[in-house]
Each structure stands twice: as C-alpha cells, then as structure tokens.
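S.K.: Listed here are the chains, written in short residue letters.
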Amino acid sequence: MSLDNKKVKEIAHLARLNMEDSDIEQATAELNNILSLMDKLGEIDTGDAEPMAHPLKMSQRLREDKVSEDDLSEEFQAIAPKTGQGHFLVPTVIE
Amino acid sequence: MHNLTVAELIKGLKNKDFSSLELTQHYLDRINNSDLNAFISITEDEALSQAKEADKKITKGSSSILTGIPYAHKDIFCTKGVKTSAGSKMLDSFISPYDASVTKKLNNENMVMLGKTNMDEFAMGSSNENSYFGPVQNPWDTNKVPGGSSGGSAAAVAARLSPFATGTDTGGSIRQPASLCGITGLKPTYGRISRYGMIAYASSLDQAGPMTQSAEDAAIILNAMAGFDKHDSTSANKSVPDYTQCLKNSINGLKIGLPKEYFSEGLDSGVEKIVMQSIKEYESMGAEIKEVSLPNSVHAIPAYYIVAPCECSSNLSRFDGVRYGYRCKDPKDLNDLYLRSRSEGFGEEVKRRIMIGAYALSAGYYDAYYLKAQKVRQLISEDFKKAFKEVDLIMGPVSPTVAFDLGSVKDPVSMYLADIYTLSVNLAGLPGMSIPAGFSGNLPVGLQLIGNHWSEELLLNAAHQFQKRTDWHNRSPAEGQGARR
Numbered sequence: 001m002s003l004d005n006k007k008v009k010e011i012a013h014l015a016r017l018n019m020e021d022s023d024i025e026q027a028t029a030e031l032n033n034i035l036s037l038m039d040k041l042g043e044i045d046t047g048d049a050e051p052m053a054h055p056l057k058m059s060q061r062l063r064e065d066k067v068s069e070d071d072l073s074e075e076f077q078a079i080a081p082k083t084g085q086g087h088f089l090v091p092t093v094i095e
Numbered sequence: 096m097h098n099l100t101v102a103e104l105i106k107g108l109k110n111k112d113f114s115s116l117e118l119t120q121h122y123l124d125r126i127n128n129s130d131l132n133a134f135i136s137i138t139e140d141e142a143l144s145q146a147k148e149a150d151k152k153i154t155k156g157s158s159s160i161l162t163g164i165p166y167a168h169k170d171i172f173c174t175k176g177v178k179t180s181a182g183s184k185m186l187d188s189f190i191s192p193y194d195a196s197v198t199k200k201l202n203n204e205n206m207v208m209l210g211k212t213n214m215d216e217f218a219m220g221s222s223n224e225n226s227y228f229g230p231v232q233n234p235w236d237t238n239k240v241p242g243g244s245s246g247g248s249a250a251a252v253a254a255r256l257s258p259f260a261t262g263t264d265t266g267g268s269i270r271q272p273a274s275l276c277g278i279t280g281l282k283p284t285y286g287r288i289s290r291y292g293m294i295a296y297a298s299s300l301d302q303a304g305p306m307t308q309s310a311e312d313a314a315i316i317l318n319a320m321a322g323f324d325k326h327d328s329t330s331a332n333k334s335v336p337d338y339t340q341c342l343k344n345s346i347n348g349l350k351i352g353l354p355k356e357y358f359s360e361g362l363d364s365g366v367e368k369i370v371m372q373s374i375k376e377y378e379s380m381g382a383e384i385k386e387v388s389l390p391n392s393v394h395a396i397p398a399y400y401i402v403a404p405c406e407c408s409s410n411l412s413r414f415d416g417v418r419y420g421y422r423c424k425d426p427k428d429l430n431d432l433y434l435r436s437r438s439e440g441f442g443e444e445v446k447r448r449i450m451i452g453a454y455a456l457s458a459g460y461y462d463a464y465y466l467k468a469q470k471v472r473q474l475i476s477e478d479f480k481k482a483f484k485e486v487d488l489i490m491g492p493v494s495p496t497v498a499f500d501l502g503s504v505k506d507p508v509s510m511y512l513a514d515i516y517t518l519s520v521n522l523a524g525l526p527g528m529s530i531p532a533g534f535s536g537n538l539p540v541g542l543q544l545i546g547n548h549w550s551e552e553l554l555l556n557a558a559h560q561f562q563k564r565t566d567w568h569n570r571s572p573a574e575g576q577g578a579r580r
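Respectively, the protein sequence lines represent chains A and B. First residue of the first sequence? That's 1 in the working numbering, and the numbers climb one at a time after it. First residue of the second sequence? That's 96 in the working numbering, and the numbers climb one at a time after it.
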C-alpha cells in the first residue's frame, strides 16, 4: 500500500501535525519506505491466531468509585502555558 | 571509589569508609568533568541535600539498605520539582508536579539522585541521536553512539559517572545501550515495575529496569524498583521475591536454547564470536546447550513498528500545547495552536512514528496493519511458549553489531532493522537481560539472556554465575579497556 502526497497530508491532519508543501515529497518517500517494511505483514499466514493486545492475560482492575486524589489544580495550572480564573486558556473558539 | 559496585558501596557506607556526601560529591565532580552529554539535568543542590539527609539517617541507624547510594535517573521518569523532558523540546520547560512511582520508591530508600539522563526523544530511537539535547557519546569511543533509547543512562554507568541508572525498554532500550556500552541491563517482565509517572511511548510494551555494573547490583536495584502499584492498571499484583537470594544457585544442568534465527544472516561475525564464546563458558559451567527455533521472530520488526507507533500516536495526542509543555507563539486559532505546538515541539522521528500510527489506525487500514500486527504478536509469543517447554533460558546476541559511528545511519528503516533481536521480547512481555560478554575490536559486546515470564531470579542467577567466572563487567572505559580495577 503506497501513499501519495494527498494521503500524507490527510494523515498529517489526523495527527495534528503541520505538513508544509515543501516537505511533503520527502515525507511521502520516507513513509513509503517504512511502509514497504510493514507490508511484509500481509504475507504472513496468521491462521486463526487471536490478536494480542497485551502481553499478560489480565483484566482491567476496578476500584471503588470515590475520590482518591487531592485537588492539585493549582500545581497543575502553575505549569500550563496560559491560565485564567482556574481554566486552561486557548485562543477564542466561539466569538 | 567510582569503580565500586552498588553492593560494595553499600558495605562502604555501612563501614563508614566514606559518607554519602563524599560519594555524591565525587560522582558530581565526575559528571561535571565529563563531555559525554549523558545528562540532561544535573541536580547538584538536590543531590547534596539528599546525601546529607541520608548521612543523618545512617548515623541514626534508621537507614535502609540503599540509603545514600547515588544514581542517575532516565529523564522519562517524572520527578517532582525537577525538569522531566523525555528528551523532547515539547517538555523542555516541564517541571513535573509529581513523582513517578519508581522515583517515589527510590526516594523512600533515601537514595541520592545525581541528575536526569539523556535519551532518544520519548524513548524512540536506538542511537540516542534523536534527543533534543544532542547525542550522547559512547565512553568506549566518543565517535560512536551509546545505543538508545536509554543511551545517557548506559554511558553514565559505563563511564562510572553513576553507580547505576534507571532505564526503560520498549523495544530494546535498556538491553541494546547496555550491550553497546558494556554494562548490565535488565528489562523485567511486563508489569513487574510500575509505569505510573513514566512518560508513555507504547503502553503495552514499556517496562522500566535497572542498568548497572553487575547482575548482583541489578538484583539489589530490582528489589527496590519492583512491586504492585494501584496507580498503574497494568501493574501485576504479585509478590516480589528477594532477587539477591537466588544469585548463588548452581546452574549445572540449566537448559539454554539458542534460537537458530538469531545466528543467521546479518549478524556481525565479531559479535557472533563473542556470543558463542560466552555460550561455551556456560557449557563449561554445566549448562546444556540446545538449538531452538523462533520462526516468527523475523516478523518482529514489522509487527513492532506497527504496534508501537499506533500506541505512540494515541499516547502522544496528549501533547497539544494546552495544559503543559511547549506552546507555539501567537496561535491564531485553536487548530493553529495544536498544529504548530506539535510540529515545533516534536522531533522528526517522533513525528514519523505518530504519522505511521495515525495511518495504521485510520479507517480502512486498521485490519491490514494494526490487527494483523497483533496476530503476528500472538505468533511470536507462542514461539517463545513452545521454546520454554524445552529450555529454561534463551541466549543470543543483543544487537547485530557493536556501537556504530555517530551520524552514520541516516535511513530510519536501517535503524529499525538493528532492533531485530530485542523487539520480540517486548512483544511477548518477557524479561530479558544484556550482560557484558567481551569485545569486538575496542568495543563491548553484550550477551542477551531471555527468560519466561516472571523468571527474573533465574536470569539474574545465570548472569551472576557468568560474572563470577568472567571480568568483562568490571572493565571500564574510564581506565582503558584492559584495565582491571
């Protein structure tokens, strides 16, 4: 499966990464080179092998539904790029 | 002093041969005089105050076994109040508001953190050249790479800038740099050590471990790092044995498997020679050597380089310039903020893997890539299961070559191919080790030991027995290759 420039732009958008037109040729070539390695997967007979998502057969632990952490919002906001009145600030979304 | 192992330093502190403050100052001096670029941050003030605190505890008799022992912490573990960058511009200004569980465990022992070690950005790389803070030099030959991603940790231990260091291993990131720098590195079974506060790359593969001079030290440090953590939902609720207890056991009759696929095309003859010499050493200790087959191990590269980028593209979506980390200047709208913060904050290899992951997970391609890779992962895991019915341990090379020249591997695919012997261990969640086994030319070669799930005791035992009969692990570039301490 080979990618073209248009598809690479689309993936960049999905990944929220900037893709300048001047870089796209090289990015496409590089990704195609990598994908040619991955395409070998298609040649492997996996029979009825069960997909393995995790190395250990364990199930997700549940915990009691109660507050377990202290309120550290001030400490967390102290390292944020921009905050105001207890909120993380971003450029205006709705006028 | 800096050639002493952790085990010897523990005795020295106990006998009052030196104080933790003296020890700490000695290592800080060595770090400050080193040009290897092994550290991203040197935490001198904190280290000196931790050392003084440790000395007080030792005097009062309220110390634990590791109190006052200095160490270097991979910059992927969150450290409260100290920059935690993961080797990325994205987190260059990130002062962690909390401690990783591993950090907390080492702090509880009153250990002394000397600094945070350099690494490939977000642990993605096999040469440490992907760090925003510049590459680390291999202390055996400063024109060579130290390996990656825990390259700073490996170089620091090899150059005796720290008695031991922490590392993390997603596809070989403890074992490969340990091999290339001639130190001992252990990647435990997935779930043995908490991942809480360890910046995530690929969550189903990431595992922390010790990087030390000797297997005995690895056992001592694993004792301190391992254990259940309710903050990590994949942490195994399993008791932790005292890993130092098993070291002295005889390995007479131990069945060692050599996967024939690990000794085929692509393996450097100098590396192969050293690995085979080590196997002979095991044979002379009474081990039984047997050929085994891991037929799907050759598929580990495509399987890993789908699974890991998929998990990374999901994990790294949290870096959006909103709550912490890098934010671009003057974003014109929210989308511009996301796009430019991520594009300016991430390095080339990280962006490449995010792109691969985003593609492999996208509609229409999921079955062909991600699902298929997970099926291959199952086959790789089953190969090991079969092999461990016949043998106790598997041994082979860690890396197909010794350390290569800085800047010499430019093509990402060639770099990926060098991970062939380490990736399948992570895919199967098994414990693996690299121990110094000799030299090819002037550069160290590691021997890889692979065990079944939860067999760290046997791995450490086999490694320790080898180190009782060989002195490769005692060699340090600080004194020249042949120097004995």
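It is possible that some hints are incorrect.
[Claimed, not checked] Okay, derived cross-link-like pairs now, BS3-like style, lysine-lysine, Cα gap no bigger than 30 Å in a straight line:
#1 K385/B to K7/A
#2 K178/B to K57/A
#3 K82/A to K333/B
#4 K40/A to K178/B
#5 K57/A to K355/B
#6 K9/A to K178/B
#7 K57/A to K481/B
#8 K66/A to K40/A
#9 K184/B to K151/B
#10 K325/B to K9/A
#11 K66/A to K184/B
#12 K505/B to K66/A
The set of hints was computed from the structure by calculation and includes no laboratory data. All values reported here derive from a predicted model rather than from experimental measurement.
S.K.: Confirm or reject each hint.
M.R.: Evaluation of the provided hints:
1. K385/B to K7/A: Not OK: K385/B and K7/A at ~49 Å, beyond 30 Å, violated.
2. K178/B to K57/A: With a Cα-Cα distance of about 36 Å, the restraint between K178/B and K57/A is violated, given a limit of 30 Å.
3. K82/A to K333/B: Violated, at roughly 43 Å.
4. K40/A to K178/B: violated, 41 Å
5. K57/A to K355/B: holds, 28 Å
6. K9/A to K178/B: violated, 34 Å
7. K57/A to K481/B: At roughly 17 Å apart (the allowed maximum being 30 Å), K481/B and K57/A satisfy the hint.
8. K66/A to K40/A: Not satisfied, since the Cα-Cα distance of roughly 48 Å exceeds 30 Å.
9. K184/B to K151/B: violated, 38 Å
10. K325/B to K9/A: violated, 41 Å
11. K66/A to K184/B: Status violated; Cα separation ~37 Å.
12. K505/B to K66/A: violated, 51 Å
Checked against the numbered hints given earlier, this structure breaks hints 1, 2, 3, 4, 6, 8, 9, 10, 11, 12; the rest are met.
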